[in-house]
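Dock the two chains into a complex; use the hints.
Protein sequence lines correspond, in order, to chains R and Y. Read left to right, the first sequence gives residues 613 to 746 (this note's numbering). Read left to right, the second sequence gives residues 4 to 130 (this note's numbering).
These aren't lab readings, by the way, just hints derived from the structure by calculation. Just so we're clear, the structure is a prediction, and the values are computed from it rather than from any experiment. Think of the CB as a built atom: it goes at the ideal place given N, C-alpha and C, for glycine as much as any other residue. Certain hints may be false.
[To be verified] Computed beta-carbon distance windows for the label pairs: (1) Asp682(R) <-> Gln121(Y): 56 to 64 Å; (2) Leu107(Y) <-> Pro698(R): 40 to 48 Å; (3) Pro101(Y) <-> Val648(R): 30 to 38 Å; (4) Asn108(Y) <-> Pro698(R): 41 to 49 Å; (5) Lys684(R) <-> Asn38(Y): 42 to 50 Å; (6) Ser620(R) <-> Leu76(Y): 22 to 30 Å; (7) Ser117(Y) <-> Leu616(R): 48 to 56 Å.
[Stated by the list, open to error] Derived coverage of chain Y by chain R (criterion: at least 3 residues anywhere in the stretch with Cβ under 8 Å from a Cβ of chain R; other residues may be distant): (8) 17–30; (9) 39–52; (10) 72–83.
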Amino acid sequence: MLLLRRDSFPLQSSDDIVKARQIVRTWAAELGFKLVDQTKIVTASSELARNAYDHGKGGIMIIEAIEDGDRKGLRLTFQDQGPGIPDIEQALKDGYSTSGGLGLGLGGAKRLVNEFHIESTVGKGTTVRIVKWV
Amino acid sequence: MEQIPILKLGKFLLVTIQVDMHDQLALRLQDELTNRIVKENAKGVLIDISALEIVDSFIGRTLANIAAMARILDAETVVVGMQPAVAITMVELGLSLPGVRTALNVERGMEILSSLVQVDSDAPPPA
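Excised from the complex, chain Y in its bound form (with noise of 0.2 Å):
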């Protein structure tokens, strides 16, 4: 079966789409990832979409799904990379992506995920 494959580093897991998706496939990717997160014990999602020629309204959903799932299984989720081209379509379709934070690059994204992640374990724990 087609899948998008999910590599492990470290702390955080990451996702580079490089085929055009179908819509099954991106369930998928959604519904593997999340039980990733859990496996794994996955503090943070890197998710690069710079090959990615569209977002439409589905991909978008996806994507702020994943992002949504992700903060529920105390993960943060950073979308990187996306093409300047389809950011000025995604605005004018209506999508804003609303809870997902992004980065111009992978390495941009990774340093917000270190950063969240240090933050967190630096507070104190729960009284």
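Just chain R, with the same shape it has in the complex (with noise of 0.2 Å):
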């Protein structure tokens, strides 16, 4: 796997969670994905950098453009220091919030991206991993 492009964005304000969207809309544009793709993605995103705003009291995005072969593809991840998931797999299923929201971030956000990877650990925070190949 090869490495085209990193960097990396703070999740600190709501403000941030309009900014992530508009730069994983950016680099999915120019990797070539198309609209629909490109939508997913961002939504994923968007669910993700919420969570770690809002339940893991802010965090960062890194988002890297990769290679794998002839394929390109977008890896971000969302890490924070908050409070950690007790029980991912409830985390995971539609309908489970802890927020009062609709509980459709995470599970919603694995459907819409080709792999997904969530490290939780109690009181020490989250990080999950997501990839979308074009």
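Below you can see the structure in the form of structure tokens.
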């Protein structure tokens, strides 16, 4: 796997969520994602950026353009130092929410991308990594 | 303070969302619209989202809340202009906007609102 480009952005305000969406949109368009797939990865990033900000008390998004053989993709990592998720399986279920939200964030984001990886330690924080291939 | 303009058009309120809304702005719109429905005695709300590039779970919930609050205040809501890519993504995300009426464009949306309000005013008064 080849790393073409990498950058990171803070997620400390709801304005940062908007900025994260715009950055993901720009990179996805530049990599050649079609409009529907751009919309999917931008929507997934919006859900995960909000999770990091709302539940994780702020964090960062790392954005990477990657290449694997003849395919290119976008890898996004959302890291926070929040309270962590005690039961990941439950958190991935639709309708499960601790914040009064719709509970679609994690499970929904997972459905919109090709690869989804989550690691969480109670008291330490949560890292979610997603990949979408062009 | 940043705000999304709400226009009054006869018995209806018209909102065109033209910016990438952050969460507080969406909540502010929800509050402001609810207040305006009462203040203007509005019978319908038309929300044009043709400029929105995504509808995530937060914006989806806000739209559903607006429709629910409007209904309690005796007003109908129609959301118009959703981009196809947005609709495809929303369904995969798991959002179906329950209780929210939609139309393809502003013109169709206004027709729907007019017919709903027409039917209402034709109904006999409660005994």
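Structure-inconsistent hints, enumerated in ascending order: Violated hints: 3, 6, 9, 10; rest satisfied.
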